[in-house]
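*Asks:* In case you want the letters, here they are:
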Amino acid sequence: MSTAYQFYISSLLIYFGVDILACWGLNLQIGVAGIINFAFVLFQAAGAYTAAVLTLGPAVSPANGGFQSYIGGANLPFPLSLLAAALVGALLSLVVGVIALRRLRADYLALVMLVVSQIAVNVVQNQNNLFNGSAGLSLVPEPLTDVVHLAPLSLAYQWFYAGLTAVICLIVYFFVHQITGSPLGRALRAIRDNEQAAAACGKNVFLLRMIAFVVGGAIAAISGAMLVLFIGTWAPSAWLYPETFVLLGAVVIGGGGNNFGVMVGALLVPVAFLEAPRYLPAIPGHPELIEPLEWIITALLMLLFLWFRPEGIFPERRRRFPRSAPARDLGGPV
Amino acid sequence: MTAGPSPGAPLLRVSNLRRSYGGVHAVDGASFEVRPGTITGLIGPNGAGKSTAIGMIAGAIVPSDGIIEFAERQVTRDPAYQMARRGLTRTFQLSSEFAKLTVLENLLIGAPGQRGESLWGALLGKRYWRRQERALVEQARDLLGRFAMTEKEEEYAGNLSGGQKRLVEIMRALMARPRLLLLDEPMAGVNPTLAGRIAGYLEELRDGGLTMLMVEHELAHVDRLCNPVIVMAQGKVLAEGTMAELRARRDVVDAYLVG
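Protein sequences appear in the order of chains A and B. Just so you know, the working numbering puts 85 at position 98 of the first sequence, and the rest follows in order with no gaps. Numbering-wise, the working numbering comes out as the position in the second sequence, counting from 1, plus 10.
In isolation and in its complexed conformation, chain A is listed as follows (with noise of 0.2 Å):
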């Protein structure tokens, strides 16, 4: 293999993890816990913008040569920045979730995070000293790379990468599968199907979707700083509010509340369809015209699955309950 295409691969592969760990997240939301949030690339900003001014060291002024300002500058080391990361995406869902989930139906909290999103994206374009405003953060260090003795931006330092990746994805499929096979996650989908009942339950709503919110918030932030370490740069149009709908629509084409599912929805929407139209010919005479066909077609599919089969390509799993051995119950002789 060349190693041009190598480091298409191995790019591709992380951007499929990033993916991957963010449809976890906004499947326990969405398709597990039926918070519809459309504000969910906020939280893989809030990720990526705290991994990167935590990477990045105290800002340097114009005086002295600095070119973007952010506050929080700090040198920690890379499981401390991820984790950092997770926990700011934590506490944002936290005092969003707050807010939002306490009175809000499904139908209006779907607008209001729709809301909340665009709003946060004016914020930060326009306080430049946040986070560098419209220009954004750019030169995140890769992280590790003294740790591993490669350098950064060589093709086994890429390798690497993918490799911690998929690393992560793992430790965050142990916490997701965890939650999703439990009476947790069980109680969670009762809320989805119906909050009253649920509550007439016994189930506290406010406090089990705050969980999945939160905890999907973390992911979020997760995924978001998996991606700012790699590409090292990172703006607001890198998280305008349709980044959520491509996510939502790996989600629903992959299969709502199915964990697998959803893996595979975030190689078909994001990876595969983002990707493909680069292989098509290109339009004669309207170049720009490949980006608003993944738009479309990335819509148009949503669409119809959402028509023809809601419940996406891989359905949320039956549960089934094994019978203990009837020999053992009736107390016979073996």
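Just so you know, the hints here were simulated from the structure itself, not pulled from any lab data. Mixed in with the good hints, there may be bad ones.
Which chain B residues face chain A? A few, computed with CB under 10 Å, are given here [what the hints assert, rightly or not]: (1) P89; (2) A109; (3) L111; (4) E115; (5) G120; (6) G123; (7) K136; (8) Q142; (9) R144; (10) E179; (11) A186.
Since the model is a prediction, treat every value here as computed from it, not as a measurement. Note that the Cβ used here is the ideal one computed from N, Cα and C, for glycine as well.
Given chain A, work out where chain B should sit, using these hints.
*Replies:* Relative to the frame of chain A, chain B by itself:
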């Protein structure tokens, strides 16, 4: 045979309960009691405030005024999930199954205080909650057997018939081993055969010592199951007694006929 009212303190006491929506008084100073061991009927014309009263007792609707006491404890304005944990569970007027959960899962949701329902419990993993889960599955399967629904265990509740959904709701409410079960028109929209079966189950539950407060329109069922019966009209309690006593009362008949 109908059971007479048992002695002892009432399990539920509602005093001067009110709920207004704008200028409309859905419940307008209703007071009544539910004695242990009874199926207390709650009847009245449409708009009498029966379902609103049930909603307030269950904690789903916040009363505008009045006092609710359950098991000699003030519980006015306590949220629904707390009422359920105290042993007051309910069914709904409109079927409210968890459509994309299986029948067995629907029942499991009915059990309060599950170890694996907290974040830490879930993260600690199966080993932490498996034993309790097994016991609950066993309890749910017992109920499915009693209600002749064993074959539907793995069916999605959303795919059941209207009557079967009612049964699932009743079983789900029973999973909490409640002290008081609120039934909001448990036979509405159910075919007569199944409605008869549901009535039979409710009698069995009463004979087993369960107290119930039941809203029902079909007076034949009320006649068979409920004693005493409370009549509500225009948000107030109009009368209380056995069905036979109530039939003899002119104002009750008028309320039903005139609405």
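*Asks:* Against the earlier hints, flag every one the structure doesn't satisfy and list their numbers going up.
*Replies:* When the structure is compared with the hints, none of them turns out to be violated.
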